[in-house]
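Given chain B, put chain D in place with the hints provided.
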Amino acid sequence: MTAAPAGGAQRNRVAAVLGRHPVGMILAAPYAVYLAVIFAYPFGFSVWMSFHDYFFAAPGAIVDHPFVGLDNYRAALTDPAVRQAFKNIVIFLVINVPLTTALALVLAVALNRVVHARTFLRVAFYVPYVTASVAVVGVWLFLFNSGGLVNSVLGPLAPDPSWLVNEGLAMPVIAFFVTWKQLGFFILLYLAALQNVPKELYESASVDGANGWNKFWSVTVPAVRPATALVVILALITGANLFTEPYLLTGGGGPNGASASPVLIMYQRGIQQGEPDFAAALGVILVIGVLILAYLNRRFIEGRD
Amino acid sequence: MRRWPNVVRYVLLFLGALIFLFPFYYMLVGSLQSAPDTSVGGAFPTSGLTLDNYRDINSRVDLLGSLVNSGIFTGGVLLGTVVFGTLAGYALARLQFRGRGVLFALVLLVQVIPFQLLLIPLYVLIVRGYGLADNYLGMILPFAINTAAVFVFRQFFLQLPDDLFAAARLDGAGELRILWSVALPLVRPALLTAVLLTFIGPWNEFLWPFLVTKDADMQPLAVSLANYISNVSSRAANPFGAILAGACVLAAPAVALFIAFQRQFTSSDLGSGVKG
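These protein sequences, in sequence, are chains B and D.
In this text, residue positions in the first sequence follow this note's numbering: the first is 1056, and each later residue adds one.
In this text, residue positions in the second sequence follow this note's numbering: the first is 338, and each later residue adds one.
Here chain D stands alone, though its shape is the one from the complex:
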């Protein structure tokens, strides 16, 4: 009696998984076909695969340069989040200081303020006011410290036993030293989860870098590919092939990192952040 629901569940889950994965398969196949074949058979080609589309998109969009821009943008956000985010998370979790309650209330509030409200003033300030258009700093600033990550760091540090900190303080260790040699090593696996979650934000972000970069040499790949999709693709021999080739290049690093570290991406680590 108990076996049938089990079989049905697996069949449905696998069907769902195939539906979820199919666009990725199709992206790869489409990027390797010299001419778009949208028939059902075309989704399962047996021959005629080529790398021409990759050459084509690379001649129109500087793939390597765009990837480097994406990397600098993402790296800047990760650096800011890991350095200043752990400091803030540690202070919020483990230290009693004036203003802590207000700061934590802000951490919660910021997560409900939609980015679109800040879009126009940030554009006016950063692009018009500080002249940071086409500048890595201008791209990074609005995302420099990921508030969700600060929240998760705080949860991690809260879960460590109190005695550990009391003992370290009794030994005369300063707070920075406690953070560096006691607290951080203990939360290292969880730290990786937060870093992975932070990574996909700027790597995939489109709207903000799109607003601040007009110079093609400064655009992250998401922006240059989007501009290609909306402007120039009509002139290419096989526009979809070229778009899909660019899409594969944009998707590959995030998907590869995610698969490599998918163990870190489990509910138990994130759960600590959600429980509040």
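Looking at chain B on its own, in the form it has when it is part of the complex:
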């Protein structure tokens, strides 16, 4: 540094301010602008909106949006439909997240050691993930409606009222649907994690006389713990974003709001009924909920402070 020639000194000064490759700023600029316009600004706007009286006005009209403090939050938290939606999403998460994590790990471990029909098996488990929800919802409607195949197989055991119009069963059916739909992606994540488990761990476990089940619990499960943390958080975010399934599968969160999700309420109140301030407050509450769960996940599953 001290012996740098004159030209180098100037370059060093530029480097100190802009970094060694200032051209990187230009290459990354479009993406940075995109993040600012599509994420940062709407994020701030959303929080701002949730503290103000915001409504849709005629284009060009200049209207006041007075500050209303926590009014929107109070309205959202005391709304019976919102409370019901949060209750529904808890039911959803309690079924979906453990089921997704357990099935994805078990199937990934099984698939990892498969030699024959590898391609067929993997494709079979991934296909629901790559298919549009709208398309597969069509089949589930057909399978689970009152006169559908599932009920004709069950015969007298078929639930009454049928699955999608039964207040106690609508949300569990959606939770199973999403598990089935998303599982392929999580299997993929676990398969990736399994490639990094050192073989020596299994060998030394064998030497110690561990059977397959012991090895799964004492070697595989701890070794893929970071992946488990990732699977849990992604499943939580997917669940919190739930919209298409209650909108289409149960005809708009039916029966009697028993399968309504917070995002469905945001759509109904914010856009259909023109109360974006209420919906923004609901969005902020939902995200705070997700962040709390993400923190717990980091603390207890990933094992960091």
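Derived from the structure by calculation, the hints contain no laboratory data.
Please note that the accuracy of each hint is not assured.
From the structure, some residues in chain D lie toward chain B, with a derived Cβ separation under 10 Å [to be verified]: (1) G353; (2) P360; (3) Y363; (4) A380; (5) A428; (6) L429; (7) R437; (8) P458; (9) L507; (10) G511; (11) L521; (12) L523; (13) F543; (14) V560; (15) V592.
For glycine and all other residues, C-beta sits at the position ideal for the given N, C-alpha and C.
Just chain D, lined up with the frame of chain B:
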């Protein structure tokens, strides 16, 4: 002793695979039946298959127009992601510049911000503010650069050996040229994986295009089929047949692409993205 668990594993995996695939089989069969047959035998028809349902759904939903809309929406997102995403990924992986740390922190943060928080403000801005309702740009904008893909691109470029870049720079190559003729050719297979993963996002996306398109001529197939399911299906002769025919048309391109390129969809490529 070691054989039995093996057999059991295969039997269970095949059973699971059949359960996973059955709805797709049933979708195809249902779309070809003139009247819905929901008995167990009806799932394995031996005769009476027809293409009427496809004609029926096509008369109610403009299938070709909707597919074109889906294609433009998806193509726009892919173009934005590949062009600007590789630039950003390369800069984040290989260049030292002011703000790099902040930008990378944002890449990680954005992936945990759920889309629903942005839903209402984006709707207000794009539909009410910029007047981009029923517009391809309005559909594409929120997804224009897939952040997960930026992250994956960065991982790919990080894995290339340092010497390669040092040598190219010593030869006086500019960064764009290094990216284009050195780095990109080396990560081409991985690039395809990222493109495939990006493709299924907009192709299957429902909520956002549903919010911004009211004009049936602008709707991607996922939206027009969903509207058909929730509004007009009650009036059709065989509503399920028509729905399933539409579902097959919507599912086919993504499933076909996935099967054609399933080799790219393996854990080793994606693993680089997950390891962090």
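Do the hints match the structure? See the list:
no. : hint : result
1   : G353 : holds (7 Å)
2   : P360 : holds (4 Å)
3   : Y363 : holds (6 Å)
4   : A380 : holds (6 Å)
5   : A428 : holds (4 Å)
6   : L429 : holds (7 Å)
7   : R437 : holds (7 Å)
8   : P458 : holds (4 Å)
9   : L507 : violated (14 Å)
10  : G511 : holds (8 Å)
11  : L521 : violated (13 Å)
12  : L523 : violated (18 Å)
13  : F543 : holds (5 Å)
14  : V560 : holds (8 Å)
15  : V592 : holds (6 Å)
Violated hints, in rising order: 9, 11 and 12; the structure is consistent with all others.
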